[in-house]
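A.B. asks: In the working numbering, each residue's number is its place in the sequence shown (first place is 1) plus 1.
Please keep in mind that the hints were generated in silico from the structure rather than gathered at the bench. Even glycine gets a Cβ: it sits at the ideal position worked out from N, Cα and C. Check each hint, because a few of them may be wrong.
Unchecked claim - Capping the alpha-carbon separation at 20 Å, the derived lysine to any residue pairs in SDA-like fashion look like this:
1) K90 to I217
2) K64 to V239
3) K192 to A110
4) K172 to R141
5) K144 to R160
6) K219 to D84
7) K90 to A208
8) K167 to D142
9) K237 to L63
10) K90 to T216
11) K158 to L143
Stated by the list, open to error - Between beta-carbon pairs, the in silico distance windows are:
12) G68 to R248: 17 to 27 Å
13) L87 to R182: 43 to 53 Å
14) A183 to G57: 53 to 63 Å
15) D285 to G68: 13 to 23 Å
16) S231 to D285: 25 to 35 Å
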Amino acid sequence: MTPHMHRQILRHAPVWAAAAAVLLTGSACAKKAPADRVRVSGYVEATEVQVSAEVGGRLLDLKVAEGDRVIAGAVVAQIDTADALLILKRAQADREGADAQLRLLLAGARVEDVRQAEATRAAAEADLAAATEDLTAAERDLKRFEALMASNSGVEKQRDDAASRKQVAGKRVTGAEQRMRATTEALNRLKAGARAEEIDAARARLASIDAQIETITKGVRDATVLAPISGLVTQKLVDQGELHAPRVPLLVVADLDNVWANVYLDEPLVPKVSLGQTVTLFTDAGGQGIE
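Take these sequences, add in the hints, and give me the full structure.
C.D. replies: Shown next as structure tokens:
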């Protein structure tokens, strides 16, 4: 992962410097500079980076200590990813379900399903035909008994029974017609396949789950903290086992291979120095100077 970094300047011990025509010193008790030199004080400085994790959690492993040298890209810490891996597993299972649903919509109805729907419609059609015949027969019987009653030759009970049979047959026809319409609509839906809106919704759900998986996967990667630069670990800010929030600094790495000195030159001495001039640096610890 690329850790969250905060750069700042690391200031080291005071130094003093001398040039061919100028002697630069920062020591108050230093001897007076020769006439052909001037002495000024300053500090050696370097860039330091606060290394942080993009995600929060429990620090499982801190692989460096203060004073250790690290190489850019080396693993310096590991954050716990157990919860994130469980969430990732669930999201992957959801994706498999969403992908299967989309493929089912795109494939359309199976031949067996269409045949079954056709058989159901044929049965409903047969029921409707039978109910219609029963209704026709009941209507003929009712008319015959009503004619007999009109000529005083029939029995009232027979006429009433015929009316009841006609009413029952009429309800059967109504029910059969409703089943016929329902089975016809179901068969038409199977043959037409899924609507475009249903397919679009399934694709959107799959894309949403893919984005969720990508976010979780990035969080798992970010839990492995890498050194952003090569340098020396100057501070360890957390201990193994602690819980921390995202982007909270874990340690500080200083680039001591690329340092510079800032010295402070009084205005009257500016004409005595020039760009590119050789300067010798001395620290308060003593020893040979460094050109």
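A.B. asks: Against each hint, give a clear statement of whether it holds in the structure.
C.D. replies: Hint by hint, here is what the structure shows:
1. Between K90 and I217 the CA atoms are separated by roughly 10 Å; this keeps the pair inside 20 Å, and the hint holds.
2. Annotation: proposed proximity of K64 to V239 holds, straight-line Cα distance about 12 Å (limit 20 Å).
3. With a C-alpha separation of about 7 Å, the suggested pairing of K192 with A110 holds against the 20 Å cut-off.
4. Distance check on the hinted pair: K172 and R141 sit about 17 Å apart at the alpha-carbon level, within 20 Å; holds.
5. Restraint check: the Cα-Cα separation between K144 and R160 comes to about 9 Å, which is no more than 20 Å; the hinted pair holds.
6. With a CA separation close to 14 Å, the supplied pair K219 and D84 stays within the 20 Å bound.
7. About 17 Å separates the Cα atoms of K90 and A208, which keeps this hinted pair within 20 Å; it holds.
8. Our distance criterion of 20 Å between C-alpha atoms is met by K167 and D142, whose separation comes to about 9 Å.
9. Proposed proximity of K237 and L63 is supported: the alpha carbons are some 9 Å apart, at most 20 Å.
10. For a cut-off of 20 Å, the pair hint linking K90 to T216 stands: about 13 Å separates their Cα positions.
11. Of the pairs offered as hints, the one joining K158 and L143 holds, with about 11 Å between alpha carbons and a cut-off of 20 Å not exceeded.
12. Between G68 and R248 the C-beta distance comes to about 25 Å, which sits within the given range of 17 to 27 Å.
13. The supplied range of 43 to 53 Å is met by L87 and R182, whose beta-carbon atoms lie about 49 Å from each other.
14. The hint said 53 to 63 Å for the Cβ distance between A183 and G57, and at roughly 56 Å that hint holds.
15. A hinted range of 13 to 23 Å for the beta carbons of D285 and G68 is consistent with their spacing of about 22 Å.
16. The hinted range of 25 to 35 Å is satisfied by S231 and D285, whose Cβ atoms lie roughly 28 Å apart.
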